[in-house]
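> Chains as they are written, first to last, in my numbering: chain A, 5 to 371; chain B, 1191 to 1491.
By construction, these hints were calculated from the structure, which means they are not laboratory data. Errors might be hidden in some of the hints.
List time: in silico BS3-like cross-link candidates among lysine-lysine, alpha-carbon distance up to 25 Å [what the hints assert, rightly or not]:
no.	chain 1	residue 1	chain 2	residue 2
1	A	Lys258	B	Lys1436
2	A	Lys228	B	Lys1313
3	B	Lys1288	A	Lys335
4	B	Lys1436	B	Lys1360
Chain A side only, calculated, beta carbon under 8 Å to chain B, not exhaustive [said to hold, decoys possible]:
no.	residue
5	Thr22
6	Ala23
7	Leu30
8	Val273
9	Met327
All residues carry an ideal CB built from backbone N, CA and C; glycine is no exception.
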Amino acid sequence: MKETQNSIGAYLKLHWKTAVFLVVLLVGIGVADIFVDSYLRRLLNLCAIYVIVSLAMNLVNGFTGQFSLGQAGFMAIGAYTVAVFTVPIESRAAIFYLEPMAPFLANIQLPFIVALILGGLASAFVAFFIGSPCLRLRGDYLAIATLGFSEIIRIVFTNTQSITNGALGIKSIPTISSLWWTFGTAILIIIATVLLINSTYGRAFKSIREDEIAAEAMGVGLFKTKMTSFLIGAFFTGIGGGLFAALLGTVDPKQFYFTLTYNFLLIIVLGGMGSISGTVIASFVVTLGQEALRFLDEPMAFGLDLPIFRPGLRMVVFSFLLMVIVLFYRKGLMGTNELTWDFIAQKYRSIKKKLSGKKTSTEGGGN
Amino acid sequence: MVVGMTMETFLQQLINGLSVGSLYALIAIGYTMVYGILRLINFAHGDIFMMAAYFTYFGIAVFFLPWYVTFIITIGLTMLLGVTIERVAYRPLRDAPKTSLLISAIGVSFLLENVATYLFSGKPQAFPEFPLMTTPFFIGGLSFQPVSIVIPIVAFILMSALLFIINKTKIGMAMRAVAVDYDTAKLMGIKINGVISSTFAIGSALAAVGAILWCMKYPSVLPLMGVVPGLKCFIAAVIGGIGNVKGAVLGGLILGFSEVLMVAFFPALTGYRDAIAFVILIVILLFLPNGLLGKKQVEKV
């Protein structure tokens, strides 16, 4: 008993800054949950969902080095699972007015949390079938197969009218408004990812990213390890999609166009491929940035009456940004570093040093 | 035979499959050539195809140029676009990790789609009609669109020309050398940059011709029109064996025939027309990962 107390005490002593940070964060979310208006609440919820999906993408693309572009598709599976299983039974007839819901589903309604996990599992299940041919091979087949899959899943959902209501989509999904669902899940997934990355599995992931042949020679089972990463990524992405459905209250196939995936790609490239904290920061930057730059899409005439600001400009800016980062700042914000206390202290010291160095050099120049 | 299908309609479907397949083959060649040399999925290739369609649309419908002038300008501009993309987005990353190059390719694709949406609006534009190409004619109770016959013929001529370039000319030999061994080719004095540029130029020119013919068959132009053909044609290249030009042609034809015939035999599956390519991809990757004509790749340490 005494020993455990001691070890907890020692742990807290070692990580007191992190503990304080976590408490401040949780209190912050609690306060925000009470005070923010509905617009900001929706935006923050969206940020947290983007954190979840981007982290899952970074696990596969950044840490394991396997290029997956199926995020939109896996999100769609999670979102539709939540939609199909949580819409109140009494409103189903009104939603499925063109073709009634398939009888084996029509009377099943599950609690949100069950549907959410089911969505993650369904998405991992599908990932298994895409992964098993592609992950056995070297090369970029996974990229094309996953991108293709996210197109196909849209086609499938548009055509299976009696389950997904086709192109009409499913409306009146019970929504979540509290910040706790999304932020709670995001924090859990961040913790899970940190633990995973620092485990034996995480080391195996990184060894595959660095050199597949060397990893294999060291006894890392390539297929099994890649598959583990891919399935966990798909599971998290499905959960992110489920939360997305519950946030919007409606799903339809058009929401999951493959360009959605490019948002997450921008996030992980900006944050740094292989950095958890970078991904979290970039998720907020990109999501809030997309909101802040909305004015670019509003028509606005200058003195010359040139319609420069019109729908589409915002996405041009974002894709241009992606190109600039890839070409000139390949490491993104964090590279493969993590925002630890040591990292901050080191940065602080180096900035301080640089500033004082500049000062002395200008003084020297003055004399 | 399957219910409700006469010999005539079957023949018609075959011609249709041949023309769709030839279009796929024209685009697939661009993928396979770039992959053969740079080991890169050029995600932007589908969008180069889309831009070519817009160039043609603007030449004919907006600037009222004669069609032959438009076609020449289109092919020229598309080649320029392809070479510029390689120069700006791929060349600086040649020594970077493969992932960066792949992201750059996706970035270019995304940028082209967004720029096209911004400049030309997301609405589909009607491609000018070519009555000569689309007025059906009849042979023994069968109706054909001339374009369905012209496409395979043009494709065949271009592919023969390409095979001639690759097998008989100096630049073609250089391309094959770079594809076999990048570093050795460099040591042997081959100017890598020139070879890569000409690869992109040839691939883009074929995509431009593909786009012109495509729009004669499906007369509508929109910013995202290159995405699905792009994905499918990459798959066609994988079916035939990536890196192999004849394989890309074979893969394109297989894909074209399977699509058209599936819809003809099972009309209930019409909605899934775009899905068949991916089913074929998964099957090929499971059983014949090197494609039909590809050589087994051995990774050396």
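> None of the hints should be skipped; say for each whether it holds.
Status of each hint after checking the structure:
1. The hinted pair formed by A/Lys258 and B/Lys1436 fails the criterion: a straight-line CA distance of about 37 Å is larger than 25 Å.
2. For the hint pairing A/Lys228 with B/Lys1313, the CA-to-CA distance comes to about 45 Å; that exceeds 25 Å, so the pair is violated.
3. Distance restraint check for B/Lys1288 and A/Lys335: the Cα-Cα separation of roughly 14 Å lies within the 25 Å cut-off, and the hinted pair is therefore satisfied.
4. Straight-line distance between C-alpha atoms of B/Lys1436 and B/Lys1360 comes to about 19 Å, which keeps the hinted pair within the 25 Å bound.
5. With 8 Å as the threshold, the beta carbon of A/Thr22 stays out of range of chain B, its nearest partner Cβ sitting at about 31 Å, so the hint is violated.
6. About 36 Å separates the beta-carbon of A/Ala23 from the nearest beta-carbon of chain B, more than 8 Å, and the hint is not met.
7. Contact between A/Leu30 and chain B, as hinted, is not supported at the beta carbon level, the nearest pair being about 35 Å apart and thus beyond 8 Å.
8. A hinted interface residue such as A/Val273 counts as satisfied when its beta carbon comes closer than 8 Å to some beta carbon of chain B; here the least separation is about 6 Å, so the hint holds.
9. For A/Met327, the interface hint holds, since its Cβ comes within 8 Å of a Cβ in chain B; the closest pair sits about 4 Å apart.
Consistency with the previously given hints fails for numbers 1, 2, 5, 6 and 7, ordered from lowest to highest.
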